[in-house]
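*Asks:* What follows is each chain in one-letter form.
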Amino acid sequence: MSDELVSVTIDGLPLQVPEGTMIIEAAKQAGVLVPHYCYHPSLPSPAVCRMCLVEVEKAPKLMPSCVTAVAEGQVVHINSPAAKSARQGVLEFLLINHPLDCPICDQAGECELQDFVFQEGRSGSRYDDYPKRYAPVEDFGTDVLYVPNRCILCTRCVRFMEDVAQDGVLEVYQRGDRSYIGMEPAHKLEHPWSGNVVDLCPVGSLISKDFLHRARAWDLDKTASVCPGCTQGCNMTVDTRDSTVVRLRPRPNLDVNRHFMCDAGRADYRWMNRGDRVEAPLHQDGGKLHACDWDTALDEMAALIRASDGSVVLLASGRAPCEALGWTMRLAGNNVRAAAIKVPIGPEAPIGAIPNLALRAERAPNLDGARMLGVSTDWLAAINAVKGAELVIVLDAELDDADIAALSGATHLIHFATAVEPRLAHADFVVPIATMAEEQGVFVNRDNRAQRFLPAKSAPGMARSAWWVASQVWRRGGEGRRAPGTASEAFGSLAPFDGLTYRDLGLGGRVVATSPAGAAR
Amino acid sequence: MGYPHPIHPKETPVLSKHFGEVEARPYAGWVERGGYVALKKALTMAPDDITSEVKASGLRGRGGAGFPTGLKWSFMPKEDGKPHYLCCNADESEPGTFKDREILRWTPHALIEGCAIAQLAIRAETCYIYIRGEFTEPYHILQRAVDEAYANGVLGANAFGSGRRIDIVVHRGAGAYICGEETAMMNSIEGRRGNPRIKPPFPAVAGLFGKPTTINNVETLAAVPAIINQGAAWYAKLSLSSPKSTGTKLISVCGHVQRPGTYEITMGLPMKELIYDLCGGMRPGRTLKAVIPGGSSVPIMTPEEVENCPTDYEGIVANGSMLGSGGMIVMDDTTDIVHVAMRLAKFYAHESCAQCTNCREGTAWTARILERMLAGEGKESDLGLLLDLAENMTGKTICVLSDSCAAPVVSGIQKFRPDFDRHLNVERPLKTAGV
Amino acid sequence: MSTHETAAHETVFAGAVLAKLEALYPKYPDKRSLLLPALWMIQEARGWISDGSVAEVAETLGLTSAYVRGVVTFYTMYHTHPVGRHFIQVCTTSPCGICGAEDVARALVKETGCGDLGATSPDGRFTVIEVECLGACGFPTPILIDDDFIENVTVDRVPAILARYI
Chain A
138 MSDELVSVTI
148 DGLPLQVPEG
158 TMIIEAAKQA
168 GVLVPHYCYH
178 PSLPSPAVCR
188 MCLVEVEKAP
198 KLMPSCVTAV
208 AEGQVVHINS
218 PAAKSARQGV
228 LEFLLINHPL
238 DCPICDQAGE
248 CELQDFVFQE
258 GRSGSRYDDY
268 PKRYAPVEDF
278 GTDVLYVPNR
288 CILCTRCVRF
298 MEDVAQDGVL
308 EVYQRGDRSY
318 IGMEPAHKLE
328 HPWSGNVVDL
338 CPVGSLISKD
348 FLHRARAWDL
358 DKTASVCPGC
368 TQGCNMTVDT
378 RDSTVVRLRP
388 RPNLDVNRHF
398 MCDAGRADYR
408 WMNRGDRVEA
418 PLHQDGGKLH
428 ACDWDTALDE
438 MAALIRASDG
448 SVVLLASGRA
458 PCEALGWTMR
468 LAGNNVRAAA
478 IKVPIGPEAP
488 IGAIPNLALR
498 AERAPNLDGA
508 RMLGVSTDWL
518 AAINAVKGAE
528 LVIVLDAELD
538 DADIAALSGA
548 THLIHFATAV
558 EPRLAHADFV
568 VPIATMAEEQ
578 GVFVNRDNRA
588 QRFLPAKSAP
598 GMARSAWWVA
608 SQVWRRGGEG
618 RRAPGTASEA
628 FGSLAPFDGL
638 TYRDLGLGGR
648 VVATSPAGAA
658 R
Chain B
297 MGYPHPIHPK
307 ETPVLSKHFG
317 EVEARPYAGW
327 VERGGYVALK
337 KALTMAPDDI
347 TSEVKASGLR
357 GRGGAGFPTG
367 LKWSFMPKED
377 GKPHYLCCNA
387 DESEPGTFKD
397 REILRWTPHA
407 LIEGCAIAQL
417 AIRAETCYIY
427 IRGEFTEPYH
437 ILQRAVDEAY
447 ANGVLGANAF
457 GSGRRIDIVV
467 HRGAGAYICG
477 EETAMMNSIE
487 GRRGNPRIKP
497 PFPAVAGLFG
507 KPTTINNVET
517 LAAVPAIINQ
527 GAAWYAKLSL
537 SSPKSTGTKL
547 ISVCGHVQRP
557 GTYEITMGLP
567 MKELIYDLCG
577 GMRPGRTLKA
587 VIPGGSSVPI
597 MTPEEVENCP
607 TDYEGIVANG
617 SMLGSGGMIV
627 MDDTTDIVHV
637 AMRLAKFYAH
647 ESCAQCTNCR
657 EGTAWTARIL
667 ERMLAGEGKE
677 SDLGLLLDLA
687 ENMTGKTICV
697 LSDSCAAPVV
707 SGIQKFRPDF
717 DRHLNVERPL
727 KTAGV
Chain C
141 MSTHETAAHE
151 TVFAGAVLAK
161 LEALYPKYPD
171 KRSLLLPALW
181 MIQEARGWIS
191 DGSVAEVAET
201 LGLTSAYVRG
211 VVTFYTMYHT
221 HPVGRHFIQV
231 CTTSPCGICG
241 AEDVARALVK
251 ETGCGDLGAT
261 SPDGRFTVIE
271 VECLGACGFP
281 TPILIDDDFI
291 ENVTVDRVPA
301 ILARYI
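In order, the protein sequence lines correspond to chains A, B and C. Note that the numbering used here numbers the first sequence so that position 359 is 496, with each residue one more than the last. Note that the numbering used here numbers the second sequence so that position 431 is 727, with each residue one more than the last. Note that the numbering used here numbers the third sequence so that position 158 is 298, with each residue one more than the last.
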């Protein structure tokens, strides 16, 4: 694609698009969606579904808009009678064998066949008198069920496995109307990114076992978010039903994850729904933790920090966002003895053909944000610093037995917690905080891209964002201090992000300057 | 010659002169009959001069599309530093067509020589001859001939001592009509499913293995040695229809004629003479009902259309059909056009590659409707439905297989409506009544 | 030419057959192109292409099994299940269809004892299928028995022709 612009007219709207743009993409810029099935912007285009045929003036026949590039002066009609009638023909052909089992199909409500048939298909089929083709449901592997009856042979799944994942376990078998998507009996969809075939399938032929019959698409609330699984920072959508997370799906971002998300990230959402949450601030009273109100907790914590002019250790979760890390660091002030996030390590799993896209070994979404904020990844050093420190702040870190043992020697302990931790019953304070699914925040991915996530559900009880708690305690620590009123302000007031607002980041994120001089790396 | 019949006085044997002569098959026999003189001459010519000569001859693709051969060769890039390929299309499988088969099994060296000359013209060291899997005998004969050509120094690293490399590889298909479509053929040679490719890119830009490629039919290539030997002017003048349709054309005639076979005629010979003189006309007591003149993918002609039709590219178009591959199916008054259309629709449904929705589903649906019509279970609305499906199968897909399925159905309904009406209005009521 | 494969998969590409395949390598710029020739060699050796053969070809040419199966099932001349000792293909496409090919097909099914198109006779001797256009339309009805191309077959010639195939 070049920088040269060409002028085209699409459904009467003149516009300029870069030379080499396919008509189907140019149409999006004109605000027109050309109905299509086989085309997908992150896959090679075979132009086989024939749904996206459009009328191009002076062309002898309808042209497939997914593989026809714009040309100077081109006049395109997407909704002309000829184009509409061709689409109606394709839809009728596709419905020959597609069962009308929408009421029991998981895809209903987000099905491209259902949508386009409703939009412009015939009201009835003329393929009467003949039974539809039948083949039983098959288990395709980890999370994928194959319902062959619903397949429209768009081959997106085949192309994803072959061309993107580079693990060609799916193929079109047979030919003509006997064709189907086949896999060898000895094989499964074992590739760590294979779950994407479920999202790619435009109909309900490849469906998620995990999501099976869990919710109807139209009952879901969708929230833009970022996967907390690793340093890649794949953009995702959190689907919730009545404040319960039921599904994570990739959200397109051509600079980060294109249209994809790995299976590990997609599967890891149950912790967002856990029930054993801390729902009120707890403080020590008579040798035991007791609930108190926020004012009491905030005042007492401020008093504790004022009193302890000794050193502070911060032990944070690898999932802690910039706002939480930055404000707990500010709370600790100049007395930070050590600050670290815990970074779980796992095997790296690249997608295949897309450069710079992988499930990363460092399973911490904000590793680079932490570095920018002066928080290290040397967990052991921070644990070793606990002994002799005046105050330890645990920011929802996942603690193993050794960590717990080390913390038993802490002089004072404030535990910012999402879940109840009986092993830290000696903490001075337990602060109920929101998970990343319940708050706004920013992760900085491995390419220094600061990316926002939004609250998909409400936090339980009195739980608040960690940055809010930290900033409120900090405000109480000195005259003239003003706590941020919004998450965006909390973010922009941190040194590395100087003055940036959430609006500046947008929903696609923004690359921020690399770590400032002096920050720990 | 009108193999398996003797040469008819109205034939012009150029390619078919030695059909039926077992002695013409081996290398020695072919050389005795003037073989490989043209190749030796071509080895002394500049590639562009060979192309110019073929261009001047007016030779057009004999596989069906009729595209000017020299022009096609001239699309190949020059001095681009990439390997070039020639593909010879010996996947003859268009119902009604069996002319290339005779070249393959009687004069294989004519084809090899034509390939070699074409390779020189388009600067392709390697030619793949893609022969359909069902052609078992022609395959063995052709392979033997290629081996002989290597043994005699015609092919290989130093063709006829010229220092030029000319390689020919015979590649066997395995039962897929669609591989006769040039881009599907390239996929098949590459070891893929025989799915037609989207054009552009055109083969001359990015074809076989992504390299510049020309695809020519067997008959086209086999005509090249004679053109090099005797000159473009001679070839062009063989035709009654020069300059638009030049040279001779092999027409394979089948169906209800007295002498079915492969005839070589000058372009422009009246179709009626072909059917009645060369082929001996209808079987006794029968009259002509319909002709499919260019392989099963072209519209059906009525006797009225045949009446004054010259057998050449333009003449047949003017009379409602196309010359196509030159496979002529002649039908007498015993023929049920609905049955013919049903068998053809079944053929296309069987051969659809499955890529394009319209073809995959449309061909099979069309066949089912015609089958039920034949079974006396047709509906009044079926004719309209068939025409509507045909509309949705024409000009909508990557290749023309679904168009080919639609063409005989549409022309059948338009020109032979009584056959369809009989099934709907006579046989269906009888069946419904339980008679 | 056809034999039934019953035992576990035995390697086909060894010794002379492997040498034959390897001799083709220089004729193509990549190994994928050897897929159709390799499948023909398997079928010649075994009579059909089993799951084990699919895996072996995939392994030999560096392809996935699914890919190979996609190709095998695209081309109708590759047998994906065992067939009779003699495999009969009878052309019933239009040009032959208007000259009595369907009667010839019925006669072949009856005389071989196959019972139905696509089925193998109880003695394992024959399998008969209808095939689309054999490209010999001037010689109705052409049939292909194994590699033998037989033209002008009529119903009354069927018994004599079959007698030649034991």
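Careful: at least some of the hints might be erroneous.
Here are some, though not all, of the chain C residues that point toward chain B, as calculated from beta-carbon distances under 7 Å [claimed, not checked]:
| # | residue |
| --- | --- |
| 1 | F153 |
| 2 | G155 |
| 3 | V157 |
| 4 | P166 |
| 5 | K167 |
| 6 | P169 |
| 7 | L274 |
| 8 | A276 |
Note that these hints are calculated values from the structure, not bench results. All C-beta atoms in this analysis are idealised placements derived from N, C-alpha and C, irrespective of residue type, glycine included.
*Asks:* Each of the hints needs a verdict: does it hold here or not?
*Replies:* Verification of the supplied hints:
1. F153: violated (15 Å)
2. G155: This interface hint is violated because 22 Å lies over the 7 Å limit.
3. V157: violated (16 Å)
4. P166: Violated - the Cβ of C:P166 stays beyond 7 Å from chain B, reaching only about 9 Å at its closest.
5. K167: Result: holds, 5 Å to nearest chain B Cβ.
6. P169: holds (5 Å)
7. L274: holds (5 Å)
8. A276: holds (5 Å)
The earlier numbered hints that this structure contradicts are 1, 2, 3 and 4.
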